[in-house]
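Model the full assembly from the supplied sequences, consistent with the hints where possible.
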Amino acid sequence: MATIASNPDAVELRELSRARRRYLLRRSLTAWAFLLPEVVVFVIFMLVPVGWVIRQSFLSGGVLSPARWAGLANWKQAVHDPMVVQAAENTVLFTAIIVPIIFTLSIAAASALRAVKRGGAPLRAAIYFPQLIPSVAAAQIWLFMIHPDFGVLNVVNRALHHPPIDFVGQPHPAFSLVVMFEVWRGIGYWSLFILAAMLAVPTNQYEAATLDGAGPLRRFWHVTLPGIQSPLTVAVLLSAISALQIFDSIYILTNGGPNGATQSIVTYMFQTVFQTGEVGYGAVLGLTFLILIIVLTAGLVLFVRRRNRLQAETL
Amino acid sequence: MAGDSKRLRFPRYGGWPLAELVPQPAFGRRLYKGTGVALALAVLSAVAVGPFFYVLSISFRNSIGLFNYPPHWLPVPFIVSNYTRLVTQFPFWRWIGNTLLVATSVTLIKVVIDSMAGYAFAKLEFAGRRIAFGVILLTLMVPQAMLLIPLFFIVRDLGIYDTYWALILPPLANPIGVFMLRSIIRGLPKDVDNAARVDNCNEFQIYRHVVLPLIKPGLVVVATITFVAQFSSFVWPLVGTQSANLQVLTVGLASLNPDRASVSYGLIAAASVLSTAIITVVFLMLQSQFKGTSLLGALKG
Amino acid sequence: MTDPEVPAVAEVRAERFPRQTLLRRAAAVGLSLSGAAALARSGAAAVPANVSKLLSGVTTINFLKGPWVANEPAFVQKTIQPFYKKFPNIKVQEVEYQWSTRVVDLTKAFASPSVPDVTYFSAMYWVRFAALGALQPLDTLIKDPDFQPVWNTIPPKLQKSGTYKGHVYAIPFVTDLGSAHMVNLDLLKKAGVKDWSSSLEAVRAAAKAVKQKTGAWGFGMEATFADGSWQNIMAFIQNAGASVYNSDLTQAGLNTPNVVKTFDLLRDMWVVDKSAPGPGLYNSQGLDGLWRAGKLAIYNVYSPQPPELQGVKFKFDVLPVPGIFPHKYGSYLDIGHLAMSAKSQHQAEAWDFIKYESTPQGLYPWEKALGFFYPGARSNSAGLFNTKNAFQRVYKKAYNDIVLKYAQPSPAEPHLAAVSQVISDQFQAMASGSQTAAQTTKNMQDQINTILKQPV
Numbered sequence: 001m002a003t004i005a006s007n008p009d010a011v012e013l014r015e016l017s018r019a020r021r022r023y024l025l026r027r028s029l030t031a032w033a034f035l036l037p038e039v040v041v042f043v044i045f046m047l048v049p050v051g052w053v054i055r056q057s058f059l060s061g062g063v064l065s066p067a068r069w070a071g072l073a074n075w076k077q078a079v080h081d082p083m084v085v086q087a088a089e090n091t092v093l094f095t096a097i098i099v100p101i102i103f104t105l106s107i108a109a110a111s112a113l114r115a116v117k118r119g120g121a122p123l124r125a126a127i128y129f130p131q132l133i134p135s136v137a138a139a140q141i142w143l144f145m146i147h148p149d150f151g152v153l154n155v156v157n158r159a160l161h162h163p164p165i166d167f168v169g170q171p172h173p174a175f176s177l178v179v180m181f182e183v184w185r186g187i188g189y190w191s192l193f194i195l196a197a198m199l200a201v202p203t204n205q206y207e208a209a210t211l212d213g214a215g216p217l218r219r220f221w222h223v224t225l226p227g228i229q230s231p232l233t234v235a236v237l238l239s240a241i242s243a244l245q246i247f248d249s250i251y252i253l254t255n256g257g258p259n260g261a262t263q264s265i266v267t268y269m270f271q272t273v274f275q276t277g278e279v280g281y282g283a284v285l286g287l288t289f290l291i292l293i294i295v296l297t298a299g300l301v302l303f304v305r306r307r308n309r310l311q312a313e314t315l
Numbered sequence: 001m002a003g004d005s006k007r008l009r010f011p012r013y014g015g016w017p018l019a020e021l022v023p024q025p026a027f028g029r030r031l032y033k034g035t036g037v038a039l040a041l042a043v044l045s046a047v048a049v050g051p052f053f054y055v056l057s058i059s060f061r062n063s064i065g066l067f068n069y070p071p072h073w074l075p076v077p078f079i080v081s082n083y084t085r086l087v088t089q090f091p092f093w094r095w096i097g098n099t100l101l102v103a104t105s106v107t108l109i110k111v112v113i114d115s116m117a118g119y120a121f122a123k124l125e126f127a128g129r130r131i132a133f134g135v136i137l138l139t140l141m142v143p144q145a146m147l148l149i150p151l152f153f154i155v156r157d158l159g160i161y162d163t164y165w166a167l168i169l170p171p172l173a174n175p176i177g178v179f180m181l182r183s184i185i186r187g188l189p190k191d192v193d194n195a196a197r198v199d200n201c202n203e204f205q206i207y208r209h210v211v212l213p214l215i216k217p218g219l220v221v222v223a224t225i226t227f228v229a230q231f232s233s234f235v236w237p238l239v240g241t242q243s244a245n246l247q248v249l250t251v252g253l254a255s256l257n258p259d260r261a262s263v264s265y266g267l268i269a270a271a272s273v274l275s276t277a278i279i280t281v282v283f284l285m286l287q288s289q290f291k292g293t294s295l296l297g298a299l300k301g
Numbered sequence: 001m002t003d004p005e006v007p008a009v010a011e012v013r014a015e016r017f018p019r020q021t022l023l024r025r026a027a028a029v030g031l032s033l034s035g036a037a038a039l040a041r042s043g044a045a046a047v048p049a050n051v052s053k054l055l056s057g058v059t060t061i062n063f064l065k066g067p068w069v070a071n072e073p074a075f076v077q078k079t080i081q082p083f084y085k086k087f088p089n090i091k092v093q094e095v096e097y098q099w100s101t102r103v104v105d106l107t108k109a110f111a112s113p114s115v116p117d118v119t120y121f122s123a124m125y126w127v128r129f130a131a132l133g134a135l136q137p138l139d140t141l142i143k144d145p146d147f148q149p150v151w152n153t154i155p156p157k158l159q160k161s162g163t164y165k166g167h168v169y170a171i172p173f174v175t176d177l178g179s180a181h182m183v184n185l186d187l188l189k190k191a192g193v194k195d196w197s198s199s200l201e202a203v204r205a206a207a208k209a210v211k212q213k214t215g216a217w218g219f220g221m222e223a224t225f226a227d228g229s230w231q232n233i234m235a236f237i238q239n240a241g242a243s244v245y246n247s248d249l250t251q252a253g254l255n256t257p258n259v260v261k262t263f264d265l266l267r268d269m270w271v272v273d274k275s276a277p278g279p280g281l282y283n284s285q286g287l288d289g290l291w292r293a294g295k296l297a298i299y300n301v302y303s304p305q306p307p308e309l310q311g312v313k314f315k316f317d318v319l320p321v322p323g324i325f326p327h328k329y330g331s332y333l334d335i336g337h338l339a340m341s342a343k344s345q346h347q348a349e350a351w352d353f354i355k356y357e358s359t360p361q362g363l364y365p366w367e368k369a370l371g372f373f374y375p376g377a378r379s380n381s382a383g384l385f386n387t388k389n390a391f392q393r394v395y396k397k398a399y400n401d402i403v404l405k406y407a408q409p410s411p412a413e414p415h416l417a418a419v420s421q422v423i424s425d426q427f428q429a430m431a432s433g434s435q436t437a438a439q440t441t442k443n444m445q446d447q448i449n450t451i452l453k454q455p456v
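Chains as they are written, first to last, in the numbering used here: chain A, 1 to 315; chain B, 1 to 301; chain C, 1 to 456.
In short, the hints are calculated from the structure, not lab data.
Under the rule of at most 30 Å between Cα atoms (straight-line distance), these lysine-lysine pairs were calculated in the DSS-like manner:
hint, chain 1, residue 1, chain 2, residue 2
1, C, K313, C, K396
2, C, K208, C, K295
3, C, K274, C, K313
4, C, K453, A, K76
5, C, K343, C, K160
6, A, K76, C, K442
7, C, K396, C, K78
8, A, K117, B, K216
9, C, K165, C, K143
A few chain C residues that face chain B, going by a derived Cβ cut-off under 10 Å, partial list only:
hint, residue
10, N71
11, P73
12, V95
13, Y97
14, Q98
15, S100
16, T101
17, V104
18, D105
19, A109
20, S112
21, S114
22, Q285
23, G286
24, G289
Per label pair, the in silico range of CB-to-CB distance:
hint, chain 1, residue 1, chain 2, residue 2, range
25, B, P75, A, R309, 54 to 62 Å
26, C, K85, B, V281, 43 to 51 Å
27, A, P66, C, K160, 24 to 32 Å
28, C, K160, B, V281, 55 to 63 Å
29, B, K190, A, R26, 19 to 27 Å
30, C, Q77, A, L237, 52 to 60 Å
31, C, K85, B, L108, 49 to 57 Å
32, B, L286, A, R26, 37 to 45 Å
33, A, A121, B, N245, 36 to 44 Å
34, A, R22, B, L138, 29 to 37 Å
A quick note: this is a predicted structure, and the numbers were derived from the prediction, not measured.
Built from N, CA and C at the ideal position, the CB exists for glycine as well.
Pasting the structure below:
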């Protein structure tokens, strides 16, 4: 009968595995040592609150009065609430309009910036400027600009003796106000990002294209755009995720707009929690938003991956 | 294919620094390109910066005169009472001080813990790495407004409600820094850390002496984003603190105009101008400290 | 980094180990975290209230209120000097909430570890907190021998405004003029208008004439929720003989033909005559600006303030709000209240403060400083009016007419915040032309009924 101890190969095996165990233990310990501060903060201030929200969606009360179990009542209320549909529509519409505009303009701006030979720094600082201003102050600035009497955006109307555009009181102007504001703020950030990506495209590709007789437009289409495709995709995704979540601007500019015309799910949730005090319902809205955004993002990611795969297959 | 028949007049661009903006080789007709580009850039800058100057003009005027038509763009008569009112009747400097304190603390702590976490995710293997990173990615999609009430309870139960910690700790949970730094570190040359490991360095030494210097531009980017975002942060400071002496700039701006004694457009304009000026100055100071930093060349991954 | 020499068996064993390590680490982190939390919570327990009182002999109470002037804390301390003289061992610490974020601030304060002792509520917000059990019923306290006479001088309509489900929770503290029409007499004269106040039809005709003949706006009214437009709209509902709620507060009561007629007239001013600027085009400040610049003839404003009117360069008047029935006026009174928290640690001192501030001696400094009014015999306002001042003259007349005769506060109902939002939003949609008056009242009725069914 051969025992493990009498088998020299087995002994070596056991010692190796012990050493490997120790090594893996040390490796995980070090990794977690690096992660620990982030994880602690993350668990306390992100995961626990999300868990609380999930639980709260089944409760009613809980802030000033003791919480009562409400089961699916809050969820049922959300299903029957017409404002939820409108808010969801607005949220998606905002993103679908803002993101393409930002990126079209940012790519154009980045191309223009790229051609600057000297003195680029003040230009880049100027373009980044709208991002710098605290959103609350920036929204205040825009409220001045849309003022019917002395607002810049209405001066032309007055000169032509048209009635001023009511950017806060009418649904379509209010919607475009939010879009304009977000585009104005967003271009600064993303155009510099795209500029950096453009500058990373190797110049020999441009040489090759020129040698093949390509003019500036074709160079742009066939060299620049494919060259920045990867960072551009990431940028579009991040921008979409943050556009779905815009809150500060809507809150200050229109607070949900004339009768919900600019209400996004996030602002509706905030109003529900802080204006009418229904925390359980607000939790439901928050979770609905989370599901919506995860679905949309997953869809976008899959779409991009599929397109990349198709492209790779056709090449 | 001969590349040497055309001599490049400018060196090839290949690294981080944006400060040396290198133009493309001057193919095509420079003249038309020049004017078109110049026009586009002029319009862009005007649109970006214009509103600020517009409000600057409002801040130096008496608000009643604003309703006259045709509008006078120049502030005549010029008054500074809006500014004096702002800084004497309201604790404006307190707001700025609080905001700077919170923004600096959050930025410093965040850079450290995010780079550590980013390093762990990028270079170290451990159980649950994929899941943990997946969870962090998912929370990118959580809107801050959703967490306000539970954060309020957590902060209250931890005993830090209405203290500076309430302003500093919760923003640290924002995952964007980890995400960015992980992709930057992953983009580093592959065996930089392995070489150090072979030399028997422990992980912390590798992190500190090898990786950190290499990702310095990325750290600056994360620091900038965090710092600027803290200046803009509005709803959490509103919910997380109560005392007047903990108010940050955004909350302070929202509290202007308590009396209806006058149309205080000028006051709000002055506040917007001062806040913007201050953050711009701070930002420029920071940027000059870190010359040649690439704004987001990092996010290629 | 794989170790290529490790055989498969050890590989399987090795997979398990990191997970165990992980679990151990997680447990350690969890334990230390909960330990830290427990420490923090115990450390955060402040010195018990009665201990601090014993130590210094002075009790400090928190007074939560919204700001009326720029430097509110100093103003409050100055105004409560008579209270300090009478009660030297009570100190009042003012904590501010902002009007624009008042619901957030109030909720926060009541949910925080340091609940305010005395709170000033405006716009009937106290009702929701009372319904949630956050306020202390004052039924027995108002029977105090030194307060009962004061309570008896408060007009019944205002006593009722502090009562919810049969219990008194809030003592009426300050009110102002309520909703009224400020009219620019010079503009009206220039447009040749003779009647601008007998009925809403007259107002409409006057506004149209002003717009057509002088180019200035004929009628202006806050019409968005952010500007508190429900305070303006309530007056019209009142003088149409309806009310927001039915008598037992279970359903809405504003979908009546008279209300529809009233709203129709108002809508015409915006949509047909275009003599009023679109809702939201000017916010409250903007309308104030228009008024002071002399570009608005009839301004339906909630509570004209003395400072707003001093220094205007035209002749003006302040009148009650007319409706569709000639000479039947209305005015909405948004009275502010003082209330005490159920969880307050200093209930005796808080009641002393509320009591004193509600007596004529306590009220007088507020009146003098702010020009607020205290209807009923508590008020010294009559003596305060300096009738040499044109505004004060007008104000005094308006006070007698509007506040004493017509003004009605809204009933004490906890869903008021949500209900007022519905009213404001629907009205704004109507005034911007997207729906008819009949549709508006129907929507309001339906939505309010839904809200009233929900728990507080």
